[in-house]
Amino acid sequence: MKHSLDFAGDLPLKAPCPVCETRSLVPFQTIKDIPYYRCETCEATVMDSSCWLDERREREIYNLHDNHPEDEGYRRFLSKMTSPLLERLEAGARGLDFGCGPGPALAGMLREAGMDMALYDPFFHPETSVLEHQYDFVSCTEVVEHLHRPADTFRRLDRLLKPGGWLGVMTCFQTDDQRFANWHYRRDPTHVVFYREFTMAWLARRYGWRLEVPAKDVALFQKIQ
Numbered sequence: 023m024k025h026s027l028d029f030a031g032d033l034p035l036k037a038p039c040p041v042c043e044t045r046s047l048v049p050f051q052t053i054k055d056i057p058y059y060r061c062e063t064c065e066a067t068v069m070d071s072s073c074w075l076d077e078r079r080e081r082e083i084y085n086l087h088d089n090h091p092e093d094e095g096y097r098r099f100l101s102k103m104t105s106p107l108l109e110r111l112e113a114g115a116r117g118l119d120f121g122c123g124p125g126p127a128l129a130g131m132l133r134e135a136g137m138d139m140a141l142y143d144p145f146f147h148p149e150t151s152v153l154e155h156q157y158d159f160v161s162c163t164e165v166v167e168h169l170h171r172p173a174d175t176f177r178r179l180d181r182l183l184k185p186g187g188w189l190g191v192m193t194c195f196q197t198d199d200q201r202f203a204n205w206h207y208r209r210d211p212t213h214v215v216f217y218r219e220f221t222m223a224w225l226a227r228r229y230g231w232r233l234e235v236p237a238k239d240v241a242l243f244q245k246i247q
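Numbering follows the working numbering, in which position 144 of the sequence shown is assigned residue number 166; successive positions increment by one, without gaps.
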């Protein structure tokens with residue numbers, strides 16, 4: 023297999039981490055010919071880019087997702103994000119559901135709670151005019167693990183937030199290196215970057231955000247500048 027990130031011995035060549043953009047990636051694990059790297063700066067775990075799916079195959083897999091807005095189990099899952107986020111928002115706040123998918127259930131739940139919601143998803147709601155505004159909050163649920171260039175996206179998310187605004191990120195935090203190979207989250211071929219709670223703390227420092235972790239796998243950032 024040809025690797026897009028090549029190593030000489032234990033020393034990485036000039037391959038920056040896609041999360042923090044430092045050149046701190048080192049070999050982590052190779053699983054079924056798929057190499058993964060660990061960033062020594064932000065502790066993200068990154069799949070080798072030669073193994074990423076192309077856009078067509080990604081879309082095919084996303085179309086298989088069975089996330090209906092009326093599904094009570096799915097709504098309970100999303101409430102890990104919506105409940106603590108709503109506790110921090112004023113009535114009628116304006117928000118953006120970034121990466122909302124084909125059935126924007128989370129945006130619907132926030133609308134039910136009185137929030138004014140806009141939608142963006144590069145595949146299913148690609149209207150880019152919503153990215154030209156600032157918002158009181160942005161929700162980003164089960165999105166960041168799919169990003170090929172997360173640093174670019176986090177910069178964009180920072181620009182989308184008003185000062186004092188909230189960014190809610192939900193993704194399964196990677197915690198147990200020994201279980202990584204069999205972890206269900208890793209086995210999704212569209213998941214290419216995995217974050218630890220330390221990674222979220224690094225992002226908060228980088229962008230001048232205040233971090234709260236109100237529930238498992240949920241990070242709430244407040245833009246304080």
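One or more hints might be untrue.
30 Å max Cα-Cα, derived DSSO-like pairs, lysine-lysine [claimed, not checked]: (1) Lys184 x Lys54; (2) Lys184 x Lys102; (3) Lys102 x Lys54; (4) Lys238 x Lys102.
FYI, nobody ran anything at the bench for these hints, they're computed from the structure.
Now the hints, each set against the structure:
At most 30 Å may separate the alpha-carbon atoms for a hinted pair to count; Lys184 and Lys54 exceed this at roughly 44 Å. Restraint check for Lys184 and Lys102: the C-alpha separation of about 23 Å stays at or below 30 Å, so the hint holds. Simply put, Lys102 and Lys54 have alpha-carbon atoms about 33 Å apart, too far for the 30 Å limit, and the pair is violated. Taken as a hint, the Lys238 and Lys102 pair is honoured in the structure, with Cα atoms around 8 Å apart against an allowance of 30 Å.
Of the numbered hints listed earlier, those contradicted by the structure are 1 and 3.
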